[in-house]
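Peer 1: The primary structure of each chain is shown beneath.
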Amino acid sequence: MSDFTPSEMMIVSAARALAGIRTVFVGVGLPNIACNLARRTVAPDLELIYESGVYGARPARLPLSIGDPTLVTGAISVMPMADLFGLYLQGGLVEVALLGGAQIDRFGNLNTTVIGDYAAPKVRLPGSGGACEIALNARRIFIIMRLMKRAFVDKLDFYTSPGHLDGGTSRESLNVPGSGPQLVVTDKALFDFDNPEREMQITSLHVGVTLEQVREEVGREVRISESVRETAPPSEAELNLVRVELDPQGMYR
Amino acid sequence: MTDKRLSMREAIAEYITDGLSVAIEGFTAFICFAAGHEIIRQGRCNLTLIRMTPDLVYDQMIAAGVAHKLVFSYLGNPGVGSLHCVRRAVEKGIPAPLEIEEYSHYGMVARYSAGAMKLPFFPLRSYSGSDLPGANSRIKTVQSPYEDGETIAVVPPINPDVAIIHAQRADMLGNTQLWGLLGIQKEAAFAAKRVIVVAEQIVDESVIQADPNRTLIPGLIVDAVVHEPYGAHPSYVQGYYDRDNKFYLDWDQISRDQAGVEAWLEEWVMGVPDRAHYVAKLETETLERIKPGMAPAAPVNYGDYR
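Those protein sequences? They're chains D and Y, same order as listed. Using my numbering, the first residue of the first sequence is number 1, and each one after it goes up by one. Using my numbering, the first residue of the second sequence is number 254, and each one after it goes up by one.
Keep in mind the hints are simulated off the structure, nothing from the lab. Nothing false has been slipped in among the hints.
A few chain Y residues that face chain D, going by a derived Cβ cut-off under 8 Å, partial list only:
#1 Thr281
#2 Val343
#3 Glu355
#4 Ser357
#5 Arg378
#6 Lys439
Pairs of lysine to aspartate or glutamate, DMTMM-like flavour, derived with a Cα cap of 20 Å:
#7 D:Lys122 to Y:Glu352
#8 D:Lys155 to Y:Asp384
#9 Y:Lys345 to D:Asp117
#10 Y:Lys371 to D:Asp83
#11 D:Lys122 to Y:Glu354
#12 D:Lys122 to Y:Glu344
#13 Y:Lys322 to Y:Asp414
#14 D:Lys122 to Y:Asp384
#15 D:Lys122 to Y:Asp510
#16 Y:Lys257 to Y:Glu458
In this text the structure is predicted, and so the values were computed from the model without any measurement. Cβ atoms here follow ideal geometry from the backbone N, Cα and C, with glycine treated the same way.
Whenever a hint applies, use it, and build me the whole structure from the sequences.
Peer 2: Set out below in structure tokens:
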């Protein structure tokens, strides 16, 4: 087994989670590489959907933004954003969406809007983009974020994209199509929400990572699944695809 | 039929006056920096700037002090990080305080759609469980009058005083064709009271008529046509030039403080009379770097039905 970086472990973990999936709503960076890796491995029929109005992208280079022209050339369809959000997302055609954020709470709610008070923010973040409606309409949400104390918080400064709200059955009261966050991929561990409280719980530790390290990073009591596994390290084939084809310049290594 | 061609200087002087609401649209692609720079050069102020993704063009305009309000849905330097000028205005009131009105992407899409279709509001499945309606009281809910009585979010129409739309080609009447990321340009144009089209190429009407499916915006709703090659740099025009990602990365540094931005504006906006001089000032290496290869579509047959 060769060496690999925490980023590569994230990419490979996210790609594996897309096994058998047909449609995924993608962001740039790690999620983009993960989706392209999935297409070449566990999900050959996977179609990449970008909020810029692209269905079935076949990027020939690593896109810097979700509006990169390489997403247009060779795609199955390019459409007005009204169609992308109305017909594809709200129409229920997005199986999985990948999201991230500056802050996440124990129920998978995400903040990408402000740190501090909305009216007088300490840090003004980008805001929702399409994340709010994606979080409500995509059938399932996978969250991809590095494990950091300042990101894994008790209470969000702003609820941009609803996860399981206050946990339990509280999301059901929203009466929305999507079932919310199912998985959180980090550089140290994987989490799911498979408990009645819909609370984030450690389900798999990456090679060489201890529970204590994860607890330390989260900075609060972390729920632990009854069956914590060790994440299988990236295979030679997976690493090769990432390093040679998908991110040859190592931008996300 | 009237020839609507104007220079950028003439179009901005005629259609953009202080205090108007202006939408320079285009999602990552087709962002008309040439128009934004001319608005700065002509010293407009008190504008309400509308754009889903303010991008560098509004970062520059806000740093230059042309705006008092921003309506938006994503406030980032796409693929790079923060819009430092907008952040300075929001967080510290530099160079002036900036009022913001914030939606999600689909919320902005819905607002333009309602504006274009002259509807009182537009329903969408979004915002429930989010703090956005608390931050923006214009996001409301209505109850369906039909059997299920569902409660659904609604947003109000938006009708910009002026929309500026960049495109690959248009004829002198304003019939405009685009391919690539279509974003929200069509809805923004139909929603606006005035429309300025800026094109890489001015073509004969026969070129438009030979491929009518590609016409996004009819001359019917267009007030002015500006011929401005490279008018969207450092954003891009599909098939004409690539996004200048290096500049987007450089801007992250340039824009870290107001003095740096002012020096940049002095050199690249105030220091040039128009876009042609801006393009001439770009390095040959830049223009070579952003030149795409060829990927033509197969021709289609519309049929001759005489």
